[in-house]
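Under numbering that gives the first Met the number 0, read the sequence shown as residues 0 to 456, first letter to last.
Careful: at least some of the hints might be erroneous.
[Unchecked claim] Calculated cross-link-like contacts (lysine to any residue; reagent style SDA-like; alpha-carbon spacing at most 25 Å):
1) Lys190 to Ser397
2) Lys190 to Val443
3) Lys190 to Gly227
4) Lys190 to Gly315
5) Lys190 to Val169
6) Lys190 to Ala228
7) Lys190 to Thr177
8) Lys190 to His261
9) Lys190 to Glu179
10) Lys190 to Gly262
11) Lys190 to Gly371
12) Lys190 to Arg251
13) Lys190 to Ala216
FYI, nobody ran anything at the bench for these hints, they're computed from the structure.
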Amino acid sequence: MTRPGVGVVYRARAFDAPDDPFTTSGPAFRYDDDLGLAVSDDGVITERGPFAAVAASHPDAPTIDLRAGLLLPGLVDTHVHFPQVRVIGALGMPLLEWLERCALPEEERLASTTYAATVAGELVAGLIAAGTTTSLVFGSHFAPAVDALFAEAERFGLRMTSGLVVSDRVLPEPLLTTPERSHDEAVRLAKDWHGRGRLRYAVTPRFALSASDDILAACADVLAVVDGACFTSHVNENNAEVATVADQFPHRDHYVDTYDHHGLLGGCSVLAHNVHPTDAELDVLAARGTAVAYCPTSNAALGSGMFSLRRHVAAGVRVALGSDVGAGTGFSIFKEGLQAYFLQHLLGADGLPLAAGHLLHLSTAAGAAALGLGDVTGDFSPGKQFDAICVRPPVGTSLDIGLRHAGSPEEALGKVFALAGDADVADVWVGGDQVASGGFVRPVIPPAPAGRRTPAG
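Using the sequences and the hints, build the whole thing.
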């Protein structure tokens, strides 16, 4: 598709939350009733200010008026599973039973490259529909399936970090690998995809429960040779899982140490869940700059427990939101924010009360920072990429009525998190490319003609 010309100016009622409301005393979010954003031909915000002033600076630039809706930064999902799209909504089971009955059988099906390509299309469509422009995605145990995922993300221009999921024990045999094979496949995938457009590679052992020291050491080798790669895995999600990992690694201080021992934790590392951390583990995460993906709907659906946001913030551990599709109940980060609000409220004195600005920060700038992309995306500051969504609810819906009668910007933003769903995300931009408009998605690059080799081909 054609990009906007040089100096396109967007006019909008806009929210963003660049400053961490958990550590600063300033406003929890920025709101501008008539904001002007000048965006260059390569998708970078070059000027921000009152629309009249920005328009005057660019008298020959076309203006796109978005004031019929609310403009927000593109949402960031720091934990979502590629192979689990079709098992969303399986309720009533704890983690290990859910894995055995729902997730793992579906993940085995991605051995078929054709099946994997279809699921990749469903995942990417689901992310776009939910307004998620940046994501950290648990890939597949099968390298050709990871190729299919990267290819589909590239086709629609999403800002995606993903990688080969590796395990060498506990799981069904088709999902197991060896340290040598996992290393070679990961390096090949990273060579083909890492740093290509908006794509990056993530070293991804499934979790210590299914990853021995040997395969974690192989992961460390990959992380060392792929410059700028990220790391992700699970930790402390379920009490039975935590107890099993302790038995498997009696020579480690705790669950977090199974990763830290191999040097896997750093500033571009994200561990999902961490529902049951010790104080010592929180200290290690803070020292390494490692972030935690808070997945409220999954934690509730699987009965994993109540996430202590207060303890993480007090320890200096960075937190962002993740959907955890498919144990989570959908792709919507708005839904995760609302569930986080509910659960922190239910924790009473042990919870950390959240307002609308906290939810916006957790959904955007916090996720970008967790993925090492805080200088690229997450808010509407000059120099950032124009990753954005326009929330424009259908007339007569609860959100439409609520927004028309909101008494303040904070009340309006709160109603977005309380009421918004996929149908309310009208437009989506990534790096200045509009990838969705009015519910229709648009490839940024056309699919390869039949017979053309892909990087895996």
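Now for the hints, and whether the structure bears them out:
1. Lys190 to Ser397: violated (48 Å)
2. Lys190 to Val443: Roughly 22 Å between the alpha carbons, so the hint for Lys190 and Val443 holds.
3. Lys190 to Gly227: It holds: about 12 Å lies between the C-alpha atoms, which stays within 25 Å.
4. Lys190 to Gly315: violated (34 Å)
5. Lys190 to Val169: violated (29 Å)
6. Lys190 to Ala228: Holds - the C-alpha atoms of Ala228 and Lys190 are around 11 Å apart, at most 25 Å.
7. Lys190 to Thr177: Roughly 20 Å between the alpha carbons, so the hint for Lys190 and Thr177 holds.
8. Lys190 to His261: holds (22 Å)
9. Lys190 to Glu179: holds (17 Å)
10. Lys190 to Gly262: Holds, because 22 Å separates the two Cα atoms, which is no more than 25 Å.
11. Lys190 to Gly371: holds (20 Å)
12. Lys190 to Arg251: violated (33 Å)
13. Lys190 to Ala216: holds (20 Å)
In the structure shown, a violation is registered for the earlier hints numbered 1, 4, 5 and 12, in ascending order.
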